[in-house]
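Number of protein chains: 4
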Amino acid sequence: MKRKLRMGMVGGGRNAFIGAIHRSAAQLDGKIELVAGCFSSTEEKSKLSGKDLFIDPKRVYGSYNQMVKAETVLPPDQRIDFVSIVTPNFTHVPIATAFLKAGFNIICDKPLGMSLTEAINFRKLVRKSGKVFGFTHNYTGYPLVKEARLLVKKGIIGKLIKVVCEYPQGWLINPIEKDGHKQAKWRLTPKKAGISSCVGDIGTHADNLVRYITNLDIDSVCAELTSFIDGRKLEDDANMLIRFKGGAKGIIYASQISTGEGNSLKIRVYGTKGAIEWKQESPNDLLLKYPNKPYQVLKSGWDYLSQTAKSNTRLPPGHPEGFIEAFANIYLEVAKAINDEVSGKRFKKEYDFPTIEDAVLGMAFIDTCVKSSQSNQKWTKFPKV
Amino acid sequence: MKRKLRMGMVGGGRNAFIGAIHRSAAQLDGKIELVAGCFSSTEEKSKLSGKDLFIDPKRVYGSYNQMVKAETVLPPDQRIDFVSIVTPNFTHVPIATAFLKAGFNIICDKPLGMSLTEAINFRKLVRKSGKVFGFTHNYTGYPLVKEARLLVKKGIIGKLIKVVCEYPQGWLINPIEKDGHKQAKWRLTPKKAGISSCVGDIGTHADNLVRYITNLDIDSVCAELTSFIDGRKLEDDANMLIRFKGGAKGIIYASQISTGEGNSLKIRVYGTKGAIEWKQESPNDLLLKYPNKPYQVLKSGWDYLSQTAKSNTRLPPGHPEGFIEAFANIYLEVAKAINDEVSGKRFKKEYDFPTIEDAVLGMAFIDTCVKSSQSNQKWTKFPKV
Amino acid sequence: MKRKLRMGMVGGGRNAFIGAIHRSAAQLDGKIELVAGCFSSTEEKSKLSGKDLFIDPKRVYGSYNQMVKAETVLPPDQRIDFVSIVTPNFTHVPIATAFLKAGFNIICDKPLGMSLTEAINFRKLVRKSGKVFGFTHNYTGYPLVKEARLLVKKGIIGKLIKVVCEYPQGWLINPIEKDGHKQAKWRLTPKKAGISSCVGDIGTHADNLVRYITNLDIDSVCAELTSFIDGRKLEDDANMLIRFKGGAKGIIYASQISTGEGNSLKIRVYGTKGAIEWKQESPNDLLLKYPNKPYQVLKSGWDYLSQTAKSNTRLPPGHPEGFIEAFANIYLEVAKAINDEVSGKRFKKEYDFPTIEDAVLGMAFIDTCVKSSQSNQKWTKFPKV
Amino acid sequence: MKRKLRMGMVGGGRNAFIGAIHRSAAQLDGKIELVAGCFSSTEEKSKLSGKDLFIDPKRVYGSYNQMVKAETVLPPDQRIDFVSIVTPNFTHVPIATAFLKAGFNIICDKPLGMSLTEAINFRKLVRKSGKVFGFTHNYTGYPLVKEARLLVKKGIIGKLIKVVCEYPQGWLINPIEKDGHKQAKWRLTPKKAGISSCVGDIGTHADNLVRYITNLDIDSVCAELTSFIDGRKLEDDANMLIRFKGGAKGIIYASQISTGEGNSLKIRVYGTKGAIEWKQESPNDLLLKYPNKPYQVLKSGWDYLSQTAKSNTRLPPGHPEGFIEAFANIYLEVAKAINDEVSGKRFKKEYDFPTIEDAVLGMAFIDTCVKSSQSNQKWTKFPKV
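Protein chains in written order, with my numbering: chain A, 63 to 447; chain B, 63 to 447; chain C, 63 to 447; chain D, 63 to 447.
Okay, chain A solo, but in the shape it has when bound (with noise of 0.2 Å):
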């Protein structure tokens, strides 16, 4: 890269929890700088937002609409070169099609929007403008995933043949979203998270890490979803039954009323020849089983990790890294095809990011463990997307 990369942010206003963990990514290691802003839904809130974030006043604000306007007649060296979505589920699609129509690159936050038929619109866009549209699930950022990854591609642990990702989480275990938690309301109201809370939320961050660590494409899907607290209108709690094609089998779940568990994303994949472990919240180890041998276990940082998985860490042995780094690496990767597009290149496939075919397959994901549930847990279909 020639210069830092100019971002600007949809959403991540004061309170609200995703936008400042992209900001710390964007920001870690120097190659991203935030210029522009439209924070919260009025312009007032945004200017605060803005301000906090020492952001020139004349780049913050008050509608995404106004903000694409304002920033396509900028010079180009001052107008932002991409735009990072982090708001509620049901104006991704919207904010994404203004600025990608305005030729802005992207980043966007999971889900991409409502519904699969919206996710596939949206995506025929995507593959029109050219432009580099990232999706942030995060958790492959990690250095270990990435390792992990590399393993099963490599055949260390045979042929795959059954998967265990679990995704327990306990912050909705009380009804939160009557006093007021914003980040509960949202995700449980129908018309701004889509047709899931659980899977939406967290559900679909597991099934994108087995598709990522595992490259195995799901078959069809046996899911119950459960709304345990009254009144809720989406389900706060997950358990799938998944047929992979090839023959492997699995388990998914995801629940948000886990009593007591903070983020405890793990997965665990068994081949004919071994097996890997890794848990989102040690994520610096890496477990590797085998039949008659002693486990491994493989450390960040060290020396003996693949290429892929040093130049994703930032520090030598046991120093810990942790979501934010990972988050960042995401970011970084994006901020490669980002520096292709804008100095005039087509960004190379290689790159190693959540794309917009990631973030369909996650609706479809969604959409099939939904319709699974609504048909008394029938098997059903993952469609051809």
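Everything labelled a hint here was simulated from the structure, so no lab data went into it.
Take the hints with a grain of salt, since some may be wrong.
A pair counts as met if it fits within one copy or between any two copies, since identical chains are not told apart.
Said to hold, decoys possible - Okay, derived cross-link-like pairs now, PhoX-like style, lysine-lysine, Cα gap no bigger than 20 Å in a straight line:
| id | residue 1 | residue 2 |
| --- | --- | --- |
| 1 | Lys341 | Lys328 |
| 2 | Lys335 | Lys240 |
| 3 | Lys411 | Lys398 |
| 4 | Lys120 | Lys64 |
| 5 | Lys216 | Lys355 |
| 6 | Lys109 | Lys64 |
| 7 | Lys64 | Lys113 |
| 8 | Lys311 | Lys440 |
| 9 | Lys107 | Lys64 |
| 10 | Lys113 | Lys398 |
| 11 | Lys328 | Lys361 |
| 12 | Lys109 | Lys66 |
| 13 | Lys372 | Lys341 |
| 14 | Lys355 | Lys372 |
| 15 | Lys311 | Lys295 |
| 16 | Lys64 | Lys410 |
| 17 | Lys216 | Lys335 |
| 18 | Lys244 | Lys107 |
| 19 | Lys341 | Lys361 |
Knowing the structure of chain A, use the given hints to seat chains B, C and D on it.
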């Protein structure tokens, strides 16, 4: 007790697996002595085992029928007080029936025979007999499993809403049954093992553990049983969605092809006010989680535990106990009942060991899982038994 | 063996701690039976314990001298084959002397009496006697401790350079010896415990474990022993810098006032090519570390372990064994030697249990630590013994 | 803050280690921007690094003296607010002196130069200057370290009696300094590193962590420093017995030849009522132990933590933070003070970051350890500084 109880054993000869564990469990606390046995299917082999075990050759038998006859006519002060049955599944009920009819108390390994019908019919005999029937769902013998049960019972974790119990093993990832591995062979042979391998062998332990800790009854099951390794007539992997009576839901899974796993039974029970987590491979820790308090780690041997947990522990804090000690706790508790019986008392209901009722419920669980799986994962009601 | 060995016991009455563990360890494998004992200091109490243990009242004695006499005159096929001594420290040597002189084999709890002189003198007796003397440094009975020793011996971790062995307990953080806690009281009374509490009780286990695994000899010690709790005449905490012969260095520390700790014996041995780490509280795992390879976790029961580790394990992978099983391994090994002795053979040197030489080295360690501490932490040479 | 603070950097060019971490830490939260630097010892190399970092070439300097001069004459709204010094030890004080005299605030890496005398003399300058001096004992930036400090302060674990702090690394087990490993080379060269390698590089972090959490002052030290690898002029391993003022005792050890260890800083503090345990390699857990209550595991991000811990955490429960985030917490806190300073206020004493006093205490610790070791482990008084 005024004297050691006299135990006979059927099964458990050289090369057997579980028999030696039963013997260690019985001997550990010095309350039971092994005095007779029919250890193998031929008299010659049986005698060899008898010699290893320092048993009077006159009381080492070539068939269980011979043993029943011979022990019956011994004087009361020599005759065995109970028999421990540690043979393959298909013989459990015939052997138990013979001893029961001759008036002996029984400890029997799981599962209870070959079919639910056989189990229910046998239960009638037990109920009529007035004899003690102990069933070795040994994992309920761990002190911290007992603590978990009590914590749930006291309401510490509130109303139960979700249960996840997993039991992965990896020992059958290769077709060792074809290489003459005795344990693998009979377990995968329908005539010897019954209608299920994986659920029958270990899934039923998971089911019993769930029942013991949660006191929940299963309403219905959606099960997928799979034989991953070519040529197997019984499943080596089983994934179950569970609906409990009262609204809780859960997942129970068992596997014998989870490469690299030893005996990784683990249970998590989530309630509205807290959650518990226990792993068999580190059995001296019990995790107690709260919505907004630090996790607690309860450790065996500490004074703060319940009287029940403490009286099932032999050692002070930090001195690990394991599988055999837990197994011995079952034996000790059954021994109390047998001591009552041989002393002419009816045994008390409050003894804490798995009974004929658990044995029948276990067979019902196996039966329900197999039926659901055969019906392409239809929700199958747990029968009234 | 042709028959069970007959064990007598001195000590281990009601309310005692270690006696019951010795009994469980002896009985676990069905090779040893307890047939006689002097369990307490009065005949009345001793008889009560004898009744609990179902021992023939004629062979329950009121004093160890009476026991020696009575057992000596029993016919050879009834007489005990060995005595297990599980009394407070000050009686170890007198009791052992009495039994040894009468021709009995011995298993004795640590430490070996009250002073290095007493220990050395007693060793002369043992050496002359031709009898078996087993000493219960029980931690060396763990299969993975044996594996560790073999790995070191084979040079897997290269030349040893640093050893860290810690043994924190917390049970004496409060002055429970003043509230009549029997175990605490005698251990803190010089007349009963000798010149050391903490080093004598647990530091000596740490020292023995270091020696067993590393095969290193201590050159000199710089020790600080402290009584943190008012009124104690013996130390409840001990920190030692160690210089080994050959240049390795290390730290050994033991503590009884490390609040909240159970029995956290842990050893780390660093060599030029690798390192091992083992913790008593999770004894079924052994960590093997390399300069630039993934950690390996060796687990008990797996086929990849050495024959030695496997033959000291009763259970398959994933079935935890604990303190009693390790203790039983010591008993089993001593039993082989005793069986040789009672069969008229001289016992073989290759049996793997702590002997009179370990017992004397243990007393030398205690002695050296106390001297260094009394000299204000001068480096004190480990004596030639 | 009204604007981002402007940072300059000395050191941290291509191939350096700690400089990049300082930059990430500074940038993470968007409050500091890097605008100038002298990154290497030659102007050419410095310029290359400046280019990597997108810094205006006019503000990339070839020597720190040049940088001081040039920055001093810039207009106040462009000039750096502070300099971050991330060079080898021997240059810390000369560089800091130059910037301080020119009126700049400073963040400096540890240790504070080459000798205690140099450190004390420099402190005079700092005290007189009225400028901010932050010192990157970064481990105190972890939120759970701050929680530990507060728990101790509140008396939750009672009166402190024992402290064990260990810091094993393994990266110097091989003589990599001979193979041109830049980091190893200067750290083992007395002219560049000073009188100590292992204590100076990591032991001093351990000392600072102990001081920060316990608030105990060291009374005296008994230290053994060893060079295990041939040809080293500075130690690669250090074992220290510690006496604290007020009667507590402890062990601090640091090692660079503990094969296979990454960066395993760990602290245990034992009090009369409880104990705490924290490990840098799993920094988001804090263990709290009691004499007779279950262990508590405090986890970062949870609401039950202190306000201090929470305000030093960016993420919700279960989202791991690591080394860089802790480092950034130090930067954030120093930035508050610098912001005060550049706004014309004297900075407040209550800011929570390591100061010049910590820096001098750290040099005193190194000095005391070296002296004790040179005197064959005499107890050496910690000097009044």
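Hints, one by one, checked against the model:
{"no.": "1", "hint": "Lys341 x Lys328", "verdict": "both (4 Å within a copy, 16 Å between copies)"}
{"no.": "2", "hint": "Lys335 x Lys240", "verdict": "between (50 Å within a copy, 18 Å between copies)"}
{"no.": "3", "hint": "Lys411 x Lys398", "verdict": "within (11 Å within a copy, 44 Å between copies)"}
{"no.": "4", "hint": "Lys120 x Lys64", "verdict": "between (26 Å within a copy, 16 Å between copies)"}
{"no.": "5", "hint": "Lys216 x Lys355", "verdict": "both (19 Å within a copy, 18 Å between copies)"}
{"no.": "6", "hint": "Lys109 x Lys64", "verdict": "between (30 Å within a copy, 14 Å between copies)"}
{"no.": "7", "hint": "Lys64 x Lys113", "verdict": "between (28 Å within a copy, 8 Å between copies)"}
{"no.": "8", "hint": "Lys311 x Lys440", "verdict": "both (16 Å within a copy, 17 Å between copies)"}
{"no.": "9", "hint": "Lys107 x Lys64", "verdict": "between (34 Å within a copy, 17 Å between copies)"}
{"no.": "10", "hint": "Lys113 x Lys398", "verdict": "between (29 Å within a copy, 17 Å between copies)"}
{"no.": "11", "hint": "Lys328 x Lys361", "verdict": "both (16 Å within a copy, 18 Å between copies)"}
{"no.": "12", "hint": "Lys109 x Lys66", "verdict": "between (24 Å within a copy, 17 Å between copies)"}
{"no.": "13", "hint": "Lys372 x Lys341", "verdict": "within (19 Å within a copy, 23 Å between copies)"}
{"no.": "14", "hint": "Lys355 x Lys372", "verdict": "between (25 Å within a copy, 14 Å between copies)"}
{"no.": "15", "hint": "Lys311 x Lys295", "verdict": "between (30 Å within a copy, 18 Å between copies)"}
{"no.": "16", "hint": "Lys64 x Lys410", "verdict": "within (18 Å within a copy, 40 Å between copies)"}
{"no.": "17", "hint": "Lys216 x Lys335", "verdict": "within (12 Å within a copy, 28 Å between copies)"}
{"no.": "18", "hint": "Lys244 x Lys107", "verdict": "within (15 Å within a copy, 50 Å between copies)"}
{"no.": "19", "hint": "Lys341 x Lys361", "verdict": "both (12 Å within a copy, 16 Å between copies)"}
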